[in-house]
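Trainee: Sequence:
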Amino acid sequence: MNRGDLPFITTQRTDIDSLVVRLKNGLSGCKYKAVDYQQLHAITEAKKLESASIQLKIKKTEQTSKTSKDQRLLKQHTKVWWQEHKRLQELRYKTESEIRNFLDEENTENEFHYNLKDFELALSESWNKYLQNVLEPVFQLREDLKCKSEVLCDSSKLSSSKNMQDAHKMLKEVELVKKQLKIIFRRLTNEQMLLENDVVYCGIEEALNHLSEERIDQYHELPLELQTLSCPYPDLKSSILKEFLKFTAEYQKKLEEFEKHLKTIHRNFKLNEEDQWIYQTVVDQYPKDIQGRRALYLDMLQKHLPHRSRHELVTHEEYWNQYCLISDQKRIFLLNWAKDKKDFIQKALTTIAEASTAHEIEIILAQDRKKQMKLCAVLKEKVLQWRAHQEEEAKLDYNIIIRRREKERKEEKLRREKEILQREEEKKKIKEYWAKKEQKWQEIEKRDIQRLEQLRKVLTAQAIKDQKRVKFRQELLEKRWTEKKEMAIKETKEQEEREKRLEALRKQIISDPRLRIELALREAGLHKTLYAREILPKICPYKLPRKDMASTVFQM
Numbered sequence: 086m087n088r089g090d091l092p093f094i095t096t097q098r099t100d101i102d103s104l105v106v107r108l109k110n111g112l113s114g115c116k117y118k119a120v121d122y123q124q125l126h127a128i129t130e131a132k133k134l135e136s137a138s139i140q141l142k143i144k145k146t147e148q149t150s151k152t153s154k155d156q157r158l159l160k161q162h163t164k165v166w167w168q169e170h171k172r173l174q175e176l177r178y179k180t181e182s183e184i185r186n187f188l189d190e191e192n193t194e195n196e197f198h199y200n201l202k203d204f205e206l207a208l209s210e211s212w213n214k215y216l217q218n219v220l221e222p223v224f225q226l227r228e229d230l231k232c233k234s235e236v237l238c239d240s241s242k243l244s245s246s247k248n249m250q251d252a253h254k255m256l257k258e259v260e261l262v263k264k265q266l267k268i269i270f271r272r273l274t275n276e277q278m279l280l281e282n283d284v285v286y287c288g289i290e291e292a293l294n295h296l297s298e299e300r301i302d303q304y305h306e307l308p309l310e311l312q313t314l315s316c317p318y319p320d321l322k323s324s325i326l327k328e329f330l331k332f333t334a335e336y337q338k339k340l341e342e343f344e345k346h347l348k349t350i351h352r353n354f355k356l357n358e359e360d361q362w363i364y365q366t367v368v369d370q371y372p373k374d375i376q377g378r379r380a381l382y383l384d385m386l387q388k389h390l391p392h393r394s395r396h397e398l399v400t401h402e403e404y405w406n407q408y409c410l411i412s413d414q415k416r417i418f419l420l421n422w423a424k425d426k427k428d429f430i431q432k433a434l435t436t437i438a439e440a441s442t443a444h445e446i447e448i449i450l451a452q453d454r455k456k457q458m459k460l461c462a463v464l465k466e467k468v469l470q471w472r473a474h475q476e477e478e479a480k481l482d483y484n485i486i487i488r489r490r491e492k493e494r495k496e497e498k499l500r501r502e503k504e505i506l507q508r509e510e511e512k513k514k515i516k517e518y519w520a521k522k523e524q525k526w527q528e529i530e531k532r533d534i535q536r537l538e539q540l541r542k543v544l545t546a547q548a549i550k551d552q553k554r555v556k557f558r559q560e561l562l563e564k565r566w567t568e569k570k571e572m573a574i575k576e577t578k579e580q581e582e583r584e585k586r587l588e589a590l591r592k593q594i595i596s597d598p599r600l601r602i603e604l605a606l607r608e609a610g611l612h613k614t615l616y617a618r619e620i621l622p623k624i625c626p627y628k629l630p631r632k633d634m635a636s637t638v639f640q641m
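Everything in the sequence shown is counted per my numbering, starting at 86 for the first residue and increasing by one.
By construction, these hints were calculated from the structure, which means they are not laboratory data.
For every residue, glycine included, the Cβ atom is placed at its ideal position computed from N, Cα and C.
It is possible that some hints are incorrect.
The calculated lysine-lysine pairs, modelled on DSS-like cross-linking and capped at a C-alpha distance of 27 angstroms, are [said to hold, decoys possible]:
1) 498 / 513
2) 322 / 432
3) 257 / 233
4) 564 / 553
If you anchor each label on the Cβ, the simulated ranges turn out as follows [what the hints assert, rightly or not]:
5) 274 / 335: 48 to 54 angstroms
6) 396 / 188: 49 to 55 angstroms
7) 562 / 601: 51 to 57 angstroms
8) 208 / 143: 55 to 61 angstroms
9) 274 / 177: 17 to 23 angstroms
10) 186 / 442: 42 to 48 angstroms
11) 282 / 208: 16 to 22 angstroms
12) 186 / 152: 46 to 52 angstroms
13) 486 / 442: 55 to 61 angstroms
14) 210 / 153: 46 to 52 angstroms
Modelling step: build the complete structure from the supplied sequences, incorporating the hints.
Mentor: Below you can see the structure in the form of structure tokens.
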């Protein structure tokens, strides 16, 4: 059955029948109770107070976290400031020492030197005057105020009205000093602005920029070293100049791209010159290796440039990082350009020097060749004369040598005839000597043969005796060996029986509970204690000994 099948109910309820109307009219009901508005109001007020206290705690927490964050940032700022102060102070001392050394140099011809010395004296006098008239009274007032405040805090005899009068006097003095210092600082600020305007008016910055532009333009010009080159080969010099111009044109094109990119980025800067100077100074104060560098310098920039939003500073930071990156690339590019230019010039000078040297060597070689031709002609005539003299001398030497050889041949023939006669006489003497020797050897051989036969007879008789002796010794050794073998077998049997007895005794000893307990006590290091002495005699053995035997092993 669907809801659509139900009959449409047309009953109408009036306000009089509703429970709300009844309660308003004071009629009671079981579904609704009377509302206690005072209690609800009190609960609401309590909830409001609780939420207010929670909100106050949240605000205090936020304020505390903000304060702690500011203090942490201030500590980091202070650390960076001290480092920057130290660096600037060292730079200042270095610059002052350089200026002082420059002024101390004896340069009597330069008038600018005397002007600088006079300016230094004027600055030192004004600085001493400033110390004497401004800073020393301030420090003196500070010390006096410290002493008076300590006296006012410690004194209990004076009346409160007198203390109040002294305090008012001190405040008046401080206010007066503040006004005087404000006037002095305002005057110093005006002087600073005037000096800055003078610097701008003098055009020092423009001169520096102009010098940098001139230095860049010098890269495009042809160097004096290449212009004043003296090369014996004109083609070589023209090729070197063309190569340098081509090399310079490539670098010039790349440099124009850098300049165009820098100008495009500079047009996107939203800060004016003063804000840009502040931005650059603040960012340069924080080293790149410091932790949280970006948060620190953004916080400091918001303090120095309150009229600039964080979004503007972040946007300018992006453009400035791009500008610095392109500037560094440009600086590195210029350094590489200067290095390549120097290397090119050095290489060109070396090449031309080598070409000049080669040309000079060619000239010298041509001159030497002419001298050598003349010298060769003179030497040829001398050689021909010397050769004729040598041929004549050789002929004379040949005739002398032939005569000497004939004389030597005759002398050699006479010497050989004498040697033949001497050899025949020596052969006769040698034959007689060997005949005597042969007779002596035969006699000695007969005597040795007789002695050898006698020795052989003696040795045969001795060999028969030795065979009998050897046989007797072998029988004796065999007998001893058999006896030793029997003794060894007997000893092995006795050893086995002994080991069996020892094994049985070892098992009996190991199974004894007294030994086990003693070993356990020794391992624990308790065998010398009183407990061990008392318990060991009380332990009974595994097998009681015979009555006729008494053991003293475990007696302590």
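Trainee: Under the constraints set out in the numbered hints, which ones does this structure not fulfil?
Mentor: Violated: none.
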